[in-house]
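S.K.: Sequence:
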Amino acid sequence: MMKQNYNNKAKYRSAWLALVLLMITALPISAQNKGDRFQVGTFWYEVVDATAKTVKVTYANKDVTKPKARQQELIDETTNIPDQWKGYNGTLKINAVDKNGKKVETIADERAYELATGEIYTITIPDKVNYNGKEWTVTAIGSNAFINERRITKMELPETIEAIEDAAFYQCGVMILNFPANLKTIGWRAFYKTNLAPFELTHRRKPNPNKNLYYDSKNKPIEIPGSTAIGPQAFEGSFSTSTFACPKITFVGYQAFKGAKFKISNRRPSVSIPATAKIGEETTDATIKAMYNNLDPAVTDYRSGVESFAEYSYDNSKVTASAISLEEGPTTIPTGMFEKAFTDLHKFVIPLSVTSIEERAFANAGIKSFNELSKVTKIGARAFENGVMSGDFVIEEQVEEVGDGAFAGNTNLTGFILKGSANCKIGAGILEGCPDLEFIDLRNVKNEDFKKNLKNLSREFNSHTITQDCQLTLSCFFLKQRASPLRMVRT
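All the letters of the sequence shown, read from the start, carry residue numbers -31 to -1, 1 to 460 under mature numbering (1 follows the signal peptide of the UniProt record, and there is no 0).
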């Protein structure tokens, strides 16, 4: 009996020891924590949430976290960058030879290969990966993941992707990329100096064997279909001229489209920027605010639209009667939103919901005309400075404030009609440097104090060349550039 008990105890001890050994052996498998990295196949992944088993695609080359990686200068869409500063050291490229046995080495080679074979080099990001016996869901493209990778042509993202993080595709050569419907945020400079230009290949009706051309390339739009917040400088400096559709975006960050050349269109008549973008409203989203940590500390204006389209340079000169508009909803055009934007845009339509046009909102913009501003009560300093408006401009009777230099430098402006409210404040030099002005109509000015101080409309007054004893006569409104006097119409 004692021997049997001893044997039973020995068995229990052996079983317990085996269990402990099994737990020790299994421990590394379950020990992944947030921030841990691992490789599966081509890609590296970083743990986002160990409990939820979510990961993001990350870089293979740790050198890309160094400042020098973002200091590489990309002159145009065909420029290459040293492999040392690429997210995957330049390994993400097509491995093929053409019909003559020549290896596809350059971007030009790749375009020629596509038109000859109908094949587009495609990288597919999986929705799930298995690592050490666990299944992980891929929910993001991480910061710097594909930075400076110049030979990616097409990438397919899974619907599980919710975020494209800071600098994820910074100066990346990707042309074709789907934006999943579940995408919530696009980070700081995520697509800085990229050339997103979706296309599809179709059989040529008349192949040209001599030039090895069997397919045609047909352009397609860039589409962001979901409720996505676009972070600061996200598409800054983009080379692409493709149509850009974003009908449900929820935020447009600081300089998000600065210098970009997209044709922004949302497949609705005359609407380019949707109301869902909440233009002029400050975000409280911590994820979006964190993106601003990459900017100059002086940039603390977290409102949607601030300088978002500064230097936006889509060329409208070849488009007859082209127009850009905001959808009804926003109450303000925020600071510098369209500063230095557009080339020969026929018309910009400001929605009736807008009551305030802030400082530099349309300064130096290539916009020829605007709709009637029948609801606007405040026009900020330099709001329309150095524009290309032609014809007459009317300050309606509901306007309460016109800031300094609001219309200065509009060399094509021929007439200015000023009404304003009874308490309307008029800043200095609002028409300084407008040589083609033929008349200023002041017959319906309601502010009596303003009538007594009309000199602030004069270019000469604001350049300090007016004589000290000049009275409120027509002589106060002569312009140096004109051979004939400016005509002032007033009661």
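Heads up, a few of these hints could be off.
To be verified - Capping the alpha-carbon separation at 20 Å, the derived lysine-lysine pairs in PhoX-like fashion look like this:
hint, residue 1, residue 2
1, K309, K344
2, K230, K309
3, K344, K232
4, K258, K247
5, K258, K347
6, K180, K153
7, K187, K175
8, K62, K72
9, K97, K153
10, K232, K337
11, K153, K230
12, K37, K3
13, K97, K3
14, K258, K189
15, K316, K230
16, K153, K258
17, K247, K394
18, K187, K217
19, K344, K388
Claimed, not checked - Estimated spans, in silico, between C-beta atoms of each pair:
hint, residue 1, residue 2, range
20, P404, D67, 34 to 42 Å
21, E74, A255, 42 to 50 Å
22, P51, K187, 31 to 39 Å
23, D313, T383, 14 to 22 Å
24, A77, A21, 25 to 33 Å
25, D254, D67, 43 to 51 Å
Worth flagging that the hints you see were computed from the coordinates, not collected in a lab.
The beta-carbon is built from N, C-alpha and C at its ideal position, and this holds for glycine as well.
S.K.: Could you run down the list of hints and mark each one as holding or not?
M.R.: How the hints compare with the structure:
no. : hint                    : verdict
1   : K309 - K344             : 24 Å, violated
2   : K230 - K309             : 13 Å, holds
3   : K344 - K232             : 28 Å, violated
4   : K258 - K247             : 15 Å, holds
5   : K258 - K347             : 28 Å, violated
6   : K180 - K153             : 44 Å, violated
7   : K187 - K175             : 16 Å, holds
8   : K62 - K72               : 12 Å, holds
9   : K97 - K153              : 19 Å, holds
10  : K232 - K337             : 18 Å, holds
11  : K153 - K230             : 24 Å, violated
12  : K37 - K3                : 27 Å, violated
13  : K97 - K3                : 17 Å, holds
14  : K258 - K189             : 32 Å, violated
15  : K316 - K230             : 18 Å, holds
16  : K153 - K258             : 14 Å, holds
17  : K247 - K394             : 28 Å, violated
18  : K187 - K217             : 26 Å, violated
19  : K344 - K388             : 13 Å, holds
20  : P404 - D67: 34 to 42 Å  : 60 Å, violated
21  : E74 - A255: 42 to 50 Å  : 45 Å, holds
22  : P51 - K187: 31 to 39 Å  : 34 Å, holds
23  : D313 - T383: 14 to 22 Å : 18 Å, holds
24  : A77 - A21: 25 to 33 Å   : 44 Å, violated
25  : D254 - D67: 43 to 51 Å  : 48 Å, holds
Taken one by one, the earlier hints fail for this structure at numbers 1, 3, 5, 6, 11, 12, 14, 17, 18, 20 and 24, listed in ascending order.
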